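*Asks:* Turn these sequences into a full structure, and let the hints steer you where they fit.
One line per chain: the protein sequences are Y and V, in this order. For the first sequence, the residue numbers in the UniProt record's numbering are 1 to 764. For the second sequence, the residue numbers in the UniProt record's numbering are 1 to 764.
To be clear, the hints were calculated from the coordinates, so they are not data collected in a lab. In this text, all values refer to a predicted model and were calculated from it rather than measured experimentally. You may find that some hints are simply not true.
As the list claims (entries may be wrong) - Below are the DSS-like pairs computed for lysine-lysine, each with C-alpha atoms no more than 27 Å apart in a straight line:
1) Y/K600 / V/K731
2) Y/K70 / Y/K182
3) V/K649 / Y/K731
4) V/K240 / V/K222
5) V/K731 / Y/K731
6) V/K600 / V/K649
7) Y/K70 / Y/K234
8) V/K227 / V/K600
9) V/K649 / V/K731
As the list claims (entries may be wrong) - A short, non-exhaustive set of chain V residues, derived as facing chain Y with CB atoms under 7 Å:
10) F112
11) V262
12) F293
13) T520
14) L720
15) N732
Glycine included, each C-beta is placed from N, C-alpha and C at the ideal position.
Protein chains: 2
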Amino acid sequence: MTEDENQPLLDESGRHHTYTSLNAYITTNDNHERTGSHTTFATGEKLISGRYESLDYECDESEISHMEEKRLGHQHTRRLAVLKWVIMLLIGICTGLVAVFVDFAVKNLTKFKFSYVQNRLDTCLSEHCLFTPYLTWIAINMSFVLVSGLLILWEPAARGSGIPQVKCYLNGVAVPHVLSLKALIAKVLGVIFSVSGGLAVGKEGPMIHSGSIIAGGISQGKSSTLKFDFHIFKHFRTDKHKRDFVSAGAAAGVAAAFGAPVGGVLFALEEGASFFNQQLTWFIFFASMVSTFTLNVVMSAIDGHFGDLSSPGLINFGLFKDVPYMWFELPIFILMGVMGGVFGALFNELNLRLTKFRHHYINRHWVLIIEVLLVAATTVVIAFVLIFTTMNECRPIKTQVELNSPTIQLFCPDGQYNTMATIVFSTPENAVRNLFHSEIGTYKAWSLLAFCIVYFCLTCWTYGIIVSSGLFIPSLLIGASWGRLVGIGMHNLFPSIYFNPGKYALFGAASQLGGIMRMTISLAVILIEATGDIVLGLPIMIVLTVAKLTGDYFNEGFFDIHIALQSVPFLPWQSEVFLSRLSALSVMSAPVTKLKTVEKVETIFRILRAESHHGFPVVDHHADETNNERAGTFQGIILRHQLITILRKRNFISLNDSLRDYLTLDDFRESYPRHPSIESVHLTDEERELYCDLRPYMNLAYTVSHHSTLPRIFSMFRGLGLRHLVVVNDKNEVVGMITRKDLARFRMIHKKGHTSIEELGISN
Amino acid sequence: MTEDENQPLLDESGRHHTYTSLNAYITTNDNHERTGSHTTFATGEKLISGRYESLDYECDESEISHMEEKRLGHQHTRRLAVLKWVIMLLIGICTGLVAVFVDFAVKNLTKFKFSYVQNRLDTCLSEHCLFTPYLTWIAINMSFVLVSGLLILWEPAARGSGIPQVKCYLNGVAVPHVLSLKALIAKVLGVIFSVSGGLAVGKEGPMIHSGSIIAGGISQGKSSTLKFDFHIFKHFRTDKHKRDFVSAGAAAGVAAAFGAPVGGVLFALEEGASFFNQQLTWFIFFASMVSTFTLNVVMSAIDGHFGDLSSPGLINFGLFKDVPYMWFELPIFILMGVMGGVFGALFNELNLRLTKFRHHYINRHWVLIIEVLLVAATTVVIAFVLIFTTMNECRPIKTQVELNSPTIQLFCPDGQYNTMATIVFSTPENAVRNLFHSEIGTYKAWSLLAFCIVYFCLTCWTYGIIVSSGLFIPSLLIGASWGRLVGIGMHNLFPSIYFNPGKYALFGAASQLGGIMRMTISLAVILIEATGDIVLGLPIMIVLTVAKLTGDYFNEGFFDIHIALQSVPFLPWQSEVFLSRLSALSVMSAPVTKLKTVEKVETIFRILRAESHHGFPVVDHHADETNNERAGTFQGIILRHQLITILRKRNFISLNDSLRDYLTLDDFRESYPRHPSIESVHLTDEERELYCDLRPYMNLAYTVSHHSTLPRIFSMFRGLGLRHLVVVNDKNEVVGMITRKDLARFRMIHKKGHTSIEELGISN
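*Replies:* Written as structure tokens, this is what we have:
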């Protein structure tokens, strides 16, 4: 891109030239024309997949929606508000309960497993039959993980943490099956078994996904999977409403997972906030509040002390009481931030390559299953190796009592226990709490280092195999271990001053997490709420900020990478100013098939069968009298499923006769979200000769001038949550159509200060 | 509004009728036509003032801005990002330091005052000369408050807490002088003296305003008041950028005031979040982080223990350590929420009436000053009365040591002190901390009740007199006192169980605050951060939620009421669906004066002198050839100040000759934000005969079809931050213009289930 052409040549309209001249510079990754007919592609970072439909958050401005509004009156809107409260309450409660269930199941499965293996160990230490507990351990883990793997084969949408899918949904992309009941079941059971199977995974990420699914299900009052319908909440059966509830569900999930209601709200905002409004935020707030409260009540009831609300979240870091920090520690924190950024970037890079490799070579079902089993086995082997290499690390047992993790004697003299074994044997959550709170000298530097490196690799390998798995806790664990190393280092450097190693473990954890996920404010608040200490808030923020800055220098955030790999048409926060060199003309899809305000049934039917588009601009039907090509000024937009419904309902009129009996919104709602296809419509020849009056049904959509540039179009899509944007010329005639894919297709790449526009291919 | 007309008559275009038929139902509060010529009005709730200009957050899409973009290249954008970091850092530091200054000054002034008066008291108790300390006390307070009052007379923009003004600014309304240096000085000094003057005011609200002003000043790198210009940060001299910085400043203010950085961010979001984007949020986050950190370092240095960062905010509630709550307390919390809502609504109602009264009868300067002095005197008198009525309430002194508030012996035996005097004599902050933490039995129920009622009335009277005053702390104090009463009540009801009265004081404070301000999430987070206890987060949320729900049943939030009283064209979060009965046609201002893409200088000059509008649509100049009335299709919009600049720079061409030397954006920026008036332009007759080519300068603005309804237009204004919205017909010809005032003018009123649209008048 040449930077030096300051004086654009002005043509008549005073614009065009500067932009169109540019398209020469665009480096395209495929040679398809912009006609909607896309050449087939495999998914990949350099692609936008045609598979994904985008959701439609536009407010319905059609004639019939105004009529319904009037008919239902003001009481109705109030009734809806109350209903919303109820649904939010239900979402909160259910999410909380599911979280409890997961936690309860995992606790007991692991307890059973560990106690079993440990007994074998203790007995075998004397009789030197170590291979038996070893084998039993492997056997148990592999069988657990196998279950998890099979569940994902049953419902692939439940694979991984689910956060990328939720992000996409909140961003406005309909990822298939992501909110299905099947996904929920696979997710919940899957995560229980993968965690109990001793994999390097957490159960927090999946909670966020589960919360979203629950919200989606409840708010619709029906399940497409189970084919049942309570016939309630009908009015919320639109993308717009559903999306609001799903974001609340995600927030509730975060709240339950980390006991961080505020963090949950901020998570929802950070992911979908182009639609932020105060009222919605408040609803979300309520849902996450209820969710963590439910969890709190039930969990503390299970733990025996019913009533005192002491366990607000799945993961409990344990309170950091009176852990002050001195101003001269700040540079160290910043340094740790940098480290976290670097390690995080490295992690993302490695996982990216691994995922690509997996994508190409590991795709058969049985291979996938074998990999899962392999990972499970390796994890155990490594754990064993770790324990044996550190068999001489013994600590008196008393100090560990308050941390409810099993202490393992192993080769230690009586009254002592093996520290490494205690980490390796317990759940990741316990391990993290261990690293945060056990006092200085508990762990030898070398064994920590070994653990850190090993766990780093394990986690990196594990994320992406077909189990449902979270990344939060493993990242925390990695960070905590090297953070504690730093703490120990500081202690050795300045023996005079007391450096609380637990505190450093916390900051290490924070920066590792920040370095991998690159979330800022929501992550900060989540950590602050989870540690329950405001005083440590500032250093946590600093560490996260530095970690993100450092990491962003190398690559994108973890989830963003995975979204790109899925070639989802994901819209970032704002388009780069440089895209202002592209005009609507150069991004829009043209030519567009238009319909007339009063259109012949035959024509509609033919068009629907011929084309796969989801929205059609409606133009003034008087155009025909003046000139016989289908021009005419833009009137509104009508969606594919609306047309199909009109055809199915036979809402026809004969020419020169005006429409009397309207279809109602309910007619259009009833099939949401799985609309019937045009193949389901059969028309007689008489019917084909009739006409449809589209005016009452078409939505008076937003339009944009063909002069306008990408950033403006972008801000409309983000700010107004559009699905289709009609491009009109100066005479308000439709010249093209812009969809999310057209926007997501263009990217800036900066190489050594030299910028150019990259165009991604579109695959089917 | 009749609800039963379900079948609208469709006219040709299929719309119009349903809407236009409605205007009959609109109850107008004045009889002006929609021609922009407004009848004069005094300000009031039922009015929109014409005084306020709205800010322009639209992205500049003009030819020249693209040229600048290209010229500066990608490095430039990166440079801007770095600059933003620097500015945010500065904003944070300065806000923090100002906060420290305020706190330091207040502390010492009050200390001086109290010690002085107290000595007199102690001596006079023996010699029965109580009138002398009494008079000295009155004298000191009155003189302090007088200073504060005079400062406001000097700069009225600094009156009150400043939060309403900041809200308006973030909402997109340019309130005159609100960001001026004068306002900052008056605000800071004013609040110091009003707090030290013993008024029932806090210093937190003003901090938010101060932060905003600081941010505005720094980001622009110049001061219009002092007439100096550092000639830096030129590129941030647009409403869009300035607004981002100001919201960061407000957040930094909150962060400094309450030691609540996250709360600060959420405050900024809650007020201006229709522009939320991740990056901005992160910047805001950083600014508030720095601000509270700066305050923390300096304050703890001043308090002697440099290095340990123990005092993150101006107000420090004192940590609530291990204050659990049992599930059966929840109903009580909910009840307290209801109480808070009711008291809050009552407070708002009373203050509203008082303000109206003040507006009508107290407007002369000397009257205002007298009122201020009267309030100051009354406060002292009441304090004295309180002390004397409770002179027998004595407590052993030891328990109060940790709360660094002066303990006053008064009539108590040695080694004891008077509890009420201790509240009355200390700063509100100390009083709040007292109520939160002093153990049960410290205060007699009756004296608490008396204090609560008295302070309620005092606060209500005080807010609105011409001093710079915050409302947070007084509200907290009122709430804390009745909350503590509830706690005492519970204790007497169930003597067996221990009810921590401090905890109840906290919830009382929270619910009172929520009942008055009606903020939800930001308030919750602020309180959580200020108490430094996550565990109490849930009940706080519940209390706030209930308080808001209850309060909203009666009236609006406190600041919203005051905004309405100022007749600011404030845009709420979303328009009510029922306004969909109004179409663009019925809200827009028409006819609109249009300019041609190539326009005669004479014409421009004449129009600018004749009309006061701030934006003019530019239409295709070929229109003339076809028909001689000034029609033509819409091309873009050009702002008044742009035209004036073009005239001043003599950027003219002769007809049939094309523009070569463009003005640059800098030419337009240099006069921001105080643009010269048209009167400053003088043209020769030759020049008047020349032409202006407006195409490179006009902004390709958003347009909306004349069919579209209010909710849609509304979401565009909110979602895209518009100032002008051009209404076009089907042929893309300009038919009208919609500004913020046109939208703010329409309101729904619901009376006994019967809804109607109310139209506010527009005053000059």
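*Asks:* Can you give the numbers of the hints that this structure goes against, from lowest to highest?
*Replies:* 2, 3, 8, 9 and 10
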